[in-house]
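Under UniProt numbering, think of the first position of the sequence shown as 1, with each following residue one higher.
It should be emphasised that the hints constitute simulated quantities derived from the structure, not laboratory data. Glycine is no exception: its CB is placed at the ideal position from the N, C-alpha and C atoms. There may be inaccurate statements among the hints.
Pairs of lysine to any residue, SDA-like flavour, derived with a Cα cap of 20 Å [to be verified]:
no.	residue 1	residue 2
1	LYS27	THR54
2	LYS3	ARG91
3	LYS12	HIS110
4	LYS3	LYS27
Label-pair restraints from in silico Cβ distances [to be verified]:
no.	residue 1	residue 2	range
5	GLU88	SER37	31 to 37 Å
6	LYS63	LEU38	25 to 31 Å
7	ASN90	GLN20	38 to 44 Å
8	THR46	THR4	27 to 33 Å
9	GLY83	GLU45	19 to 25 Å
10	LYS18	GLU60	36 to 42 Å
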Amino acid sequence: MFKTIRWRMYIKVKSKEKAQKVIKRLKQEIGDIEVVSLQPYWKDETLFELDCETTLMIEEPEKSVFEVLRLSNQISNDLYVTGPILYENNRVQFEGVCSSSSVVGIHWFHFRIANFD
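Using the sequences plus the hints, can you model the full thing?
This is the structure:
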């Protein structure tokens, strides 16, 4: 079962309050998200690092890959993907990155789904 999509994003803003506004715009594009952490990015003081999840709850790998691509396309159509990678015992991992989001403020993002976490 692919339970969640895990996202890591870098938001180009100067304050946590402005990062919250970007997260609000993000929710309008991909739906409800659970913020795991939001903090200044230690390597670059102009960025905030957002770790978050969206619910997936899909059993089939093909449908899961399609859904994560559909949602990613809501915030960018310039994606670089890896996989799906197939492991023994029907374990599957799929991920991608983007460095040109259509959501103002999102500088870079990564997504990952797996049915073995």
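- request: Hints the structure violates: just list their numbers, smallest first.
  value: 9
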